[in-house]
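Novice: Each chain, written out:
Number of protein chains: 2
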Amino acid sequence: MDITHRKVNKRVRFTDKQGKALSVQNIRIRQENHDFLFGCGGFDFIPYVLKGEEEYKQLTDSWLEIFNYATLPFYWGNYEPEEGKTNRDAIMKTAEYLNDKGVKVKGHPLCWHTECAKWLMNYDNETILKKQLERIDREVTGFAGTIDMWDVINEVVIMPIFDKYDNAVTRICKEKGRVGLIKEVFAKAHECNPDAVLLLNDFNTSIDYEILIDGCLNAGVPISAIGIQSHQHQGYWGREKLEEVLERFSHFGLPIHFTENTLISGEIMPAYIEDLNDWQVDEWPTTPEGEERQARQIEEMYRILFAHPLVEAITTWDYRDGAWLKAPSGYVRKDNSLKPSYEMLKKLVKQEWWTDTTVVTDENGEAEIEVFKGDHEVSLGDLKAQIKLVDNEEQTIVLG
Amino acid sequence: MDITHRKVNKRVRFTDKQGKALSVQNIRIRQENHDFLFGCGGFDFIPYVLKGEEEYKQLTDSWLEIFNYATLPFYWGNYEPEEGKTNRDAIMKTAEYLNDKGVKVKGHPLCWHTECAKWLMNYDNETILKKQLERIDREVTGFAGTIDMWDVINEVVIMPIFDKYDNAVTRICKEKGRVGLIKEVFAKAHECNPDAVLLLNDFNTSIDYEILIDGCLNAGVPISAIGIQSHQHQGYWGREKLEEVLERFSHFGLPIHFTENTLISGEIMPAYIEDLNDWQVDEWPTTPEGEERQARQIEEMYRILFAHPLVEAITTWDYRDGAWLKAPSGYVRKDNSLKPSYEMLKKLVKQEWWTDTTVVTDENGEAEIEVFKGDHEVSLGDLKAQIKLVDNEEQTIVLG
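Residue numbers (this note's numbering), protein chains in the order written: chain A, 195 to 594; chain B, 195 to 594.
Treat the hints as calculated values from the structure; they're not laboratory data. A few of these clues could be false.
Label-pair distances were calculated between CB atoms; the ranges are [claimed, not checked]: (1) B:319 with A:470: 27 to 33 Å; (2) A:296 with B:319: 41 to 47 Å; (3) B:385 with A:551: 55 to 61 Å; (4) B:269 with A:486: 35 to 41 Å.
Computed list of lysine-lysine pairs in DSSO-like fashion (alpha-carbon distance at most 30 Å, straight line) [to be verified]: (5) B:377 with A:370; (6) A:567 with A:214; (7) A:377 with B:382; (8) A:544 with A:377; (9) A:370 with B:540.
Pulled from the structure, derived: some chain B residues nowhere near chain A, Cβ distances all over 12 Å [what the hints assert, rightly or not]: (10) 253; (11) 258; (12) 413.
Ideal placement from N, C-alpha and C gives every residue a C-beta, glycine not left out.
Based on the provided sequences and hints, a complete structural model is requested.
Specialist: Encoded structure:
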């Protein structure tokens, strides 16, 4: 598979601080971060940052070995269980901690019918919408600079017909229509942080979602990237479906984020279950064969997505087994031990798709470089530079 | 079922030409046309108007007994089989003939992937779109005043993924996206005849079509009415599905037209057939039991639709058995004899939902009237008036 688009491939000039060409020298280029977003749920960082428990230290340390991108929870019901009493400080501290570690953070989600605040239902629809937009303003404005990437609205295809229980967001989506509500929440998020990356996110990958996106874009909704969930508790999609989904959602020319990826290392959930949340089990063990299978599937899936020019991010949903639905869906087991999928992904992200190379400059201090896009340390003995290599534009690197 | 919204119910003043109240008189009010559009395919009028054949005279005469609204064909492939050589004169003559008979005409369709002109495929996409818009201009401008109602674009849900054969319209829909193409063709039609009733029309009544309409409306597409096809070759939808479809498509608050209705008076097409056009039979006979069933289903369906405040039109697709797919789908048999469904619909349209009444005015020449909306002849002996009664606004009727 062609991954040329993940690399910088160009002639670069190396000089010292005085502008003198570093002629005929061995220059080392060592990657420090990927431009591509290798993401994972970052929920486990919250107890670690807040309480510093040893269990979470081990867990988050291994997490940081691979990932440069975390999703943090903004579910309204948990974030603001009582009106006006938010979880802001805990999330802000965690986001700042992750930023310090070079990890980009996405907030998930600003508007969703599930895990919605119950107290909202005390209001009429006009007030619910007003509070929804105020909530977006509060979070997007308040976290700007720390969190500049948001799942603005989640699972809109099902939103107005969701009938498992009454909730405030389904009520306003019924009234405003899908695109009508999307327009409002995106407009507000964009107004509050014009530079933010704003996602529409859905588990529905059918023609429904395509038509919804099509309508939104024609209605001028400022969608930065298309979010596609891929919870595969019922079995790996496989190459064919994955390529078919990529092909269909590429038509819009927008970046694609795989926002919630799950592959299981145990028994597969039966196909007849329609809502994954209906699968309630006491135990859902990981198995040795399941772990090998999960590692193979992760490898194939990440290779396919990394090779697709429009894919900019892949986020695995659960870092540790047992997080959602008790599923063996993590890179580490419940005891924090590393699974084959962890080793597999680390090999891809930190070896195969990672740059650590030495180039020799010519008389003019120039050399051809071929490196994976991202942040790099360039060095010649004690001379060093921290630089971003992300495109094939002309570039002079000054070491000092 | 409540059909109050189909009636005018108000106090009216009757005067002579000098403005003198027609006090204590028996005034007759006799309906001449419905405000509601009782429609049917009008294709059979073309050979009659062009050649005047006796077979078609009988056929079109019985047609005119019931219907006030006809669909005429504008399938691009037939309308303009060679670039620049159109069927305009035949269609214009037929439309004018129908108008003279008090029949409103709709053109069907201006843009569709099926029955598209083959010669269009000689052009690149940009040119195809240009020619599509020019075609819309030519027809909508050219027929304005005679045809002011259009199925602007047909079956868009499937349009970009239609893969039975290559065609020019699928090509441009793939490139522009569904909503993108809808925007262009509606903008052109609206520009050419701002007063025209412009329909989006589809056989897909799923959530796909809902989301498509939602997107279009938010993108500012000037849709006048939602067109819903209901070809029931595979069996009558029944009250429950009909009401469910009405409920879902009512959310937009737009008028709803049942644009292509079919109920069968013979054997039902098997459910496994996905595209109705795939059902190729030598014979598809009408049966006595089938005809009774068809009449009952027509009655139930028309009653439900007539009772729904947003439904403004119902068009039966085939007037005569054997028209499309050889199906026994008509109101008349192949030999032009009338089927029970004909008698049933005529009873509804021309008796039960038809006004022929006499009111007695008071000292001031006033009377309460309750009549079905439409055109009426009001008379007192030789004094007559042709009037439109369509709302409950104050009205004085002058007989002369």
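Novice: Run every hint past the structure and note whether it holds.
Specialist: Hint by hint, here is what the structure shows:
no. : hint                         : result
1   : B:319 with A:470: 27 to 33 Å : 41 Å, violated
2   : A:296 with B:319: 41 to 47 Å : 45 Å, holds
3   : B:385 with A:551: 55 to 61 Å : 60 Å, holds
4   : B:269 with A:486: 35 to 41 Å : 58 Å, violated
5   : B:377 with A:370             : 21 Å, holds
6   : A:567 with A:214             : 26 Å, holds
7   : A:377 with B:382             : 25 Å, holds
8   : A:544 with A:377             : 40 Å, violated
9   : A:370 with B:540             : 41 Å, violated
10  : 253                          : 41 Å, holds
11  : 258                          : 40 Å, holds
12  : 413                          : 4 Å, violated
Consistency note: the structure conflicts with the earlier hints numbered 1, 4, 8, 9 and 12.
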